[in-house]
Structures are given as C-alpha cells and as structure tokens.
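Undergrad: Residue strings, one per chain:
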Amino acid sequence: MFVFTIRRLLQFIPTIMGITLIIFVLLNMIPGNAALSTAGRLELSPEVVEQLKKDLELDKPAYVRYFNYVSRLAQGDMGTSYLRRYDVKEIVLTRLPATLKLALSAMLIAILLGVPLGFFAALKQGSWLDVFATVIAVGGVSIPQFWLGIILMYIFSYSLQILPTSGYGNGAFINLIMPALTLGIGYAAMLARTTRAAVIEVLSADFVRTAKAKGLSSARINIRHVLRNALVLILTTTGLLFGSLIGQTVIVERLFSWPGIGSLLVESIFQRDIPVAQGCLVVIIVIFLVVNLLVDVLYHFINPQIDYQ
Amino acid sequence: MSKNKPLLSVRQLTTQFNTPAGVVPAVREVSFDLQDGETLGVVGESGSGKSVTALSILRLIHSPPGRIVKGSIEFNGVDLLQRDESYLQKIRGNSISMIFQEPMSSLNPLMKVGEQIAEVIRQHRQVSHAESINQALEMLKKVQIPAPEKRLKDYPYQMSGGMRQRVMIAMALACQPRILIADEPTTALDVTIQCQIMELIQGLKEETGSAVLMITHDLGVIAEMAQKVIVMYAGQVVESGDVYSIFDNPLHPYTQLLLRSIPVLGRRTRNRREKLQEIEGMVPNLLNLPRGCSFFNRCPQAQDQCRRQAVELREISPNRQVRCVIATA
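Chains as they are written, first to last, in the working numbering: chain A, 1 to 309; chain B, 1001 to 1329.
A portion of the hints provided could be inaccurate.
[Unchecked claim] Under the rule of at most 25 Å between Cα atoms (straight-line distance), these lysine to any residue pairs were calculated in the SDA-like manner:
| hint | chain 1 | residue 1 | chain 2 | residue 2 |
| --- | --- | --- | --- | --- |
| 1 | B | Lys1112 | A | Val232 |
| 2 | B | Lys1112 | A | Asp206 |
| 3 | B | Lys1005 | B | Gln1082 |
| 4 | A | Lys124 | B | Lys1141 |
| 5 | B | Lys1153 | A | Ile221 |
| 6 | B | Lys1142 | B | Ser1128 |
| 7 | A | Lys53 | A | Arg41 |
| 8 | B | Lys1090 | A | Ala219 |
| 9 | B | Lys1005 | B | Leu1313 |
| 10 | A | Lys89 | A | Lys124 |
| 11 | A | Lys60 | A | Leu10 |
| 12 | B | Lys1142 | B | Glu1206 |
| 13 | B | Lys1112 | A | Gln305 |
| 14 | B | Lys1141 | B | Asp1190 |
| 15 | B | Lys1153 | A | Phe301 |
| 16 | B | Lys1153 | A | Lys89 |
| 17 | B | Lys1150 | A | Lys53 |
| 18 | B | Lys1112 | A | Gln271 |
| 19 | A | Lys124 | B | Gly1292 |
| 20 | A | Lys124 | B | Arg1083 |
| 21 | B | Lys1112 | A | Lys54 |
| 22 | A | Lys124 | B | Gln1082 |
| 23 | B | Lys1112 | A | Lys89 |
| 24 | B | Lys1150 | A | Pro304 |
| 25 | B | Lys1153 | A | Val232 |
| 26 | B | Lys1153 | A | Arg41 |
| 27 | A | Lys124 | B | Lys1112 |
| 28 | A | Lys54 | A | Thr237 |
| 29 | B | Lys1153 | A | Val297 |
| 30 | A | Lys124 | B | Leu1313 |
| 31 | A | Lys124 | B | Gly1022 |
| 32 | B | Lys1153 | B | Arg1178 |
| 33 | B | Lys1112 | A | Val208 |
| 34 | B | Lys1153 | A | Gly79 |
| 35 | B | Lys1112 | A | Leu235 |
| 36 | B | Lys1005 | B | Arg1178 |
| 37 | B | Lys1090 | A | Arg224 |
| 38 | B | Lys1090 | A | Lys54 |
To be clear, the hints were calculated from the coordinates, so they are not data collected in a lab.
Input sequences plus hints: build the corresponding full structure.
TA: What follows is the structure, encoded as structure tokens:
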C-alpha cells in the first residue's frame, strides 16, 4: 500500500508536466497580456515597455519561457502576478481554504443527501419514494447552478431575509449555506442516481439471495451485504464527481462573491494575468489528482480484491 | 422406512412469474413429501421448474415478478406459506437451509468466508462473536478444507469454485438443519470436484441425519444418493416413485427417454456407431402451453387423446405416480 502510494505520487510529476504544458500553451495563445495592455494604457515610453518585456521574459521564445516556468514551479515558485506584482503562490494559497471549505461542504451535502436517497429509492423500487427521488435527481442534474443560486438568493435573502446574499463573511457558517447548497444539490442528484443503480445491481446478486437464505433480516442484509458492495461502485463516482466539483466552484464562487480559487481564476483570465491563472489551474489539478489517489487508497480498504502490490 | 408424518409436505405448489409477455407458470401444482433423514431427488431438464420449486419452499422467489399463487408447504406441521417473514427468517438457514448452483457468485465478495459462516451461526444461536468464529472453523474442518485456520480469513476470490461450494455447504449445515436443499450443487464445478462435493454432502447428511432435497439434472447423482425421485417437466411432476422403480421401470415416456439419453462409457465401441439417444424437440413455451399433455409434441407414443385434454397425475401403484394416460404398471 505504502509503495503504491509513493509510486502514484511520483506519477503525479509527468502528469503535472503534461497539464502545465497544455495550460501554458492555451493561456499564452489568448490575445492580450495584462502587463503590456496596462503599459499601453498608461502610454509609457517604448524603452520602459521594452524593459517591462525583459523583466517578464516576454522577449524570449515561448519554449524558453515554458522551460523556465516549469523549473521554477518544481521549486515551488509559481511566479509573480503581471498586474499587481504579488507572489502567485501566496495569493493562491490564501484563497485555497475558502475553496476547499466550499467544495468539501458541497460534497458532504451531496453524500449525505444523495447516497441515502438513492439507497432507499432502490430498496423501494417503483414506490412513491422512488418516483420522488427520481424527480429530485433529474431536476437536480438538469438545473444550472447559476440559476439555482439566484433562486436560492431570491428565496432566502430577498423574501425571507434569513441568509446573506453573498460574501465570505469572515468564514461565518451562515454565509456558507447557500453556496454549498447550490453546488451540492446537483451533485447529490448525480450521486443519488448512481447509488440507486448500484444498489439495484447488487440487490439482484446471488450472494444477496444467499444472505436471505441464511435467515438474516432485511435490515442486516441491506447494510452488511448490499450497501457495502454498492459502496465500491459509489466511491468511484464520488471521486470523479469531486474532481469535477472543484472545477464547478468557479461558477458558484463567482455568483456568491466567494473569495476562493475559482473566482480568482475567472478574474485573472479576464485580466489576462497569466501567471495567476496558471497558478490557480495547477492547484485545482493537484487537488483533483490527490482526490483520485485517495479514492484508490480507500478502494483498497473497501474491496479486498483490489491489491495494488 | 417408517410411515410417520412427513417432515416436509408440499401440496399443489403453484408459482408464477408475471412478465411483460404474460404469466409464466413455472411450477404447476407440485406435490411431494420428504421424510426425516430421507433424500429426495428432483430431476428434470433446464426450465422444468426444479429450482423455482426449491426457492418457493423457503419463499426466496423474487417478488415481484414471482408469486406463489396456490398450495401449501407444511414443515413440521406448519404451513410456511401462511406465516410471516419473521417466522421464515427463523426457519431459513436454521431448520431448512439451501446451497445454490453458482458457488462463484453466491458468496459475498467483500466478506471473509469465516465471517460469512459465523454470521449464520450468530443469527440463529445465542453465541458470542468469538464462539461463532470458532464454530465456523469447525465447519470448515468438517467440509474438509485444507488449512482451515488460514482459510477462515480468506475472501471468496481467493478460493476455487469447489472450495467456495464447500464453504456454502459449511454455511448451510452450520446450524444442523433438518432439511438441506441442494439446488444443482455441482453443475458449475469440474467433473473431478463434482464427485468430491457429492460425497461430502452424502457423508455429512449421514452424520447429521438431515433430510436432503437434491435437485439435479444428473441422473447418476440421483441413482447414488436418493431414495425417492420426482421427475419434473414443464413445471409439473410427471412421475414419482422410489429410486429403484423409477430406474428399473420408468413409466412416463419422458422418464424413459431421459434414462436412455445417459451416455454409457464404451457403448459406442461395442456396437460400432450407435448414436446417443436424444429427446427430440424443445420444452414447450411456458407462456403458451398446449391444452393437453405438456410432453405431447415430443412424445414418441403420443395419441390423439393426449392432445385434447390435460393429463392428471394418477397413482398407479402404492407410492408410484405418473402423469400419462398410456402408462401402466
């Protein structure tokens, strides 16, 4: 297990290299550059602009810049913002906790809501509960987050006036509720559907019949035999969903003015502040990779058949 | 054999499945008795309703779509069809237990086999966890699994099909059931293992005195193990009797053909090119059963009257029944 984890961590390196290359190429292809456009607006003299280009290494060919970028990244240096001259690593790391808090709360909502809903829907296939769960699930998957967020704002902030419309509120729980719900409900719906399908599959397995033939009660069968086997399938989906959820924070953070990496990413792209955008994306990707690794490690504990040695 | 009240008495058992294409009558008015300590063989080809009969006894039919629509299943004088689920939970795995056809998929892949055996012991006996594991170990020894202490902690995927079936047997016999239902226990196994498993079941049966309901399509197994036989075709009992009379003097044309379709080693070399006898045609579609005898379309001795009206099971001599109009003792 330990060897496996180390090996997987080492595999991160080429993965991150590849992804940074793609990000670098894409971001440098976008027309516009924060530093130069500001310089243009300020009507600085050509000498100053030249000096600026030199400072930012913009006079060098792209492959040299990429090489320099990656070698600095390997040393933990994410570069400096084009716009405000602050350290990218610092700004990204100060924004990270807010994003993680939002993402983890949303995932918690998704698991606590989605798994039981899907589980009971599968056990009571065809009942009103199943129909209700299916409606919720289809609705939850189909509703766009920006719309759901606005509706929630209208209900809880404007009409009922019990929750703040937006902002971080210095980390107050009350500010977390709406963004987490907006992000979490769609994922709860997806998880409910996956759980339902997984449980239905396991219910028809031969070993469930064996468990019944042993004289176990339905509750015991459902927990010890059905749920545990379904979890193997559910876990995979949960891991993948969490990865995409980190990406989705961009929309929700923007909507609720949540000071996380997502909103920072959007700002930096609009402003063509390429080093900051790169920094945000690298952090998001590392989170994605770590979550996937965690899923694989958890897998080993749930399913003894998966032996990584 | 004593003529006591039977341990298990199945009467007019009728099980149907509601499918989109219509109602499938998988088991039609099946009746039989099982005496204490006796082995009853149930033979028939695939789709004849053997397994559904077995599953119906413990009410393990998936419902929906399955439904027991008629009949009674008396165990120790209590009709299991009239009792609630909690009563059946006390019977299952305790007084009546079952082993299945598919050892590869019948064990929970995520649970250690020792725990799977211990679970049934804890369910029916007031014992501690440690004691139940201890008894599970004893059961593994009984079913002759080598290195049982180590195997106790194995997961099913670490075992072969034969091993897993031994575990299933250990699980089924852990609470010393009065009846063991074995639903084609060797079908999915290698021929060499089949024999070992059958000997194991036979040995343990003699040791514990359980009655066995042996469901199989292997007539060799029946000949060796069973005292009584029922032959099933298209969901019905077509012939029943003790094992000797069935094998020596089969009365129903289907039983006769079934016995003739057993390959005999060396027969071909003796009589040059004698083809193995097969039963022509197909089992009738249960959705669209013929009005008369179900075996009519395949029967070499069929007569006009067989097509016109349903054939009743009749007692042709003591303890000998046949569902055929032309059969005579």
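Undergrad: A separate judgement is required for each hint: does it hold in the structure or not?
TA: Verification of the supplied hints:
Proposed proximity of B/Lys1112 and A/Val232 is supported: the alpha carbons are some 16 Å apart, at most 25 Å. For the hint pairing B/Lys1112 with A/Asp206, the CA-to-CA distance comes to about 16 Å; that is within 25 Å, so the pair holds. Between B/Lys1005 and B/Gln1082 the CA atoms are separated by roughly 19 Å; this keeps the pair inside 25 Å, and the hint holds. Annotation: proposed proximity of A/Lys124 to B/Lys1141 is violated, straight-line Cα distance about 41 Å (limit 25 Å).
For the hint pairing B/Lys1153 with A/Ile221, the CA-to-CA distance comes to about 21 Å; that is within 25 Å, so the pair holds. Of the pairs offered as hints, the one joining B/Lys1142 and B/Ser1128 holds, with about 21 Å between alpha carbons and a cut-off of 25 Å not exceeded. Among the hinted pairs, A/Lys53 with A/Arg41 is consistent with the structure: their alpha-carbon atoms are about 15 Å apart, no more than 25 Å. Under the criterion of a C-alpha separation no larger than 25 Å, the hint pairing B/Lys1090 with A/Ala219 is consistent with the structure, at around 15 Å.
Taken as a hint, the B/Lys1005 and B/Leu1313 pair is honoured in the structure, with Cα atoms around 22 Å apart against an allowance of 25 Å. In summary, the hint linking A/Lys89 to A/Lys124 is not supported, as the alpha carbons are separated by about 51 Å, beyond the 25 Å threshold. Using a Cα cut-off of 25 Å, the hinted pair A/Lys60 and A/Leu10 is violated, with the two alpha carbons roughly 31 Å apart. Restraint check for B/Lys1142 and B/Glu1206: the C-alpha separation of about 13 Å stays at or below 25 Å, so the hint holds.
A threshold of 25 Å between alpha carbons decides the hint, and for B/Lys1112 with A/Gln305 the separation of about 11 Å falls inside it, so the pair holds. With a CA separation close to 22 Å, the supplied pair B/Lys1141 and B/Asp1190 stays within the 25 Å bound. Our distance criterion of 25 Å between C-alpha atoms is met by B/Lys1153 and A/Phe301, whose separation comes to about 15 Å. With a C-alpha separation of about 49 Å, the suggested pair B/Lys1153 and A/Lys89 falls outside the 25 Å cut-off, and the hint is violated.
Of the pairs offered as hints, the one joining B/Lys1150 and A/Lys53 is violated, with about 71 Å between alpha carbons and a cut-off of 25 Å exceeded. Using a Cα cut-off of 25 Å, the hinted pair B/Lys1112 and A/Gln271 is violated, with the two alpha carbons roughly 58 Å apart. With a C-alpha separation of about 41 Å, the suggested pair A/Lys124 and B/Gly1292 falls outside the 25 Å cut-off, and the hint is violated. With a CA separation close to 23 Å, the supplied pair A/Lys124 and B/Arg1083 stays within the 25 Å bound.
Restraint check for B/Lys1112 and A/Lys54: not satisfied, since their Cα atoms lie roughly 66 Å apart, outside the 25 Å limit. Proximity of A/Lys124 to B/Gln1082 is assessed by CA-CA distance (about 24 Å); at most 25 Å being required, the pair is judged to hold. Restraint check for B/Lys1112 and A/Lys89: the C-alpha separation of about 48 Å exceeds 25 Å, so the hint is violated. Distance restraint check for B/Lys1150 and A/Pro304: the Cα-Cα separation of roughly 16 Å lies within the 25 Å cut-off, and the hinted pair is therefore satisfied.
Between B/Lys1153 and A/Val232 the alpha-carbon distance is near 20 Å, which keeps this suggested pair within the 25 Å criterion. Distance restraint check for B/Lys1153 and A/Arg41: the Cα-Cα separation of roughly 74 Å exceeds the 25 Å cut-off, and the hinted pair is therefore not satisfied. Simply put, A/Lys124 and B/Lys1112 have alpha-carbon atoms about 29 Å apart, too far for the 25 Å limit, and the pair is violated. As the CA atoms of A/Lys54 and A/Thr237 are separated by approximately 47 Å, the hinted pair breaks the 25 Å bound.
A threshold of 25 Å between alpha carbons decides the hint, and for B/Lys1153 with A/Val297 the separation of about 21 Å falls inside it, so the pair holds. Restraint check: the Cα-Cα separation between A/Lys124 and B/Leu1313 comes to about 41 Å, which exceeds 25 Å; the hinted pair is violated. For a cut-off of 25 Å, the pair hint linking A/Lys124 to B/Gly1022 stands: about 24 Å separates their Cα positions. Under the criterion of a C-alpha separation no larger than 25 Å, the hint pairing B/Lys1153 with B/Arg1178 is inconsistent with the structure, at around 28 Å.
At roughly 15 Å between alpha-carbon atoms, B/Lys1112 and A/Val208 fall within 25 Å of each other, so this suggested pair holds. Among the hinted pairs, B/Lys1153 with A/Gly79 is inconsistent with the structure: their alpha-carbon atoms are about 54 Å apart, more than 25 Å. Taking the CA atoms of B/Lys1112 and A/Leu235, the gap is near 21 Å; set against the 25 Å cutoff, the hint holds. A hinted pair counts as satisfied when its Cα atoms are at most 25 Å apart, and B/Lys1005 with B/Arg1178 qualifies at roughly 14 Å.
Annotation: proposed proximity of B/Lys1090 to A/Arg224 holds, straight-line Cα distance about 19 Å (limit 25 Å). Between B/Lys1090 and A/Lys54 the alpha-carbon distance is near 84 Å, which puts this suggested pair outside the 25 Å criterion.
Hints 4, 10, 11, 16, 17, 18, 19, 21, 23, 26, 27, 28, 30, 32, 34, 38 from the list above are not met by this structure, while the remaining hints are.
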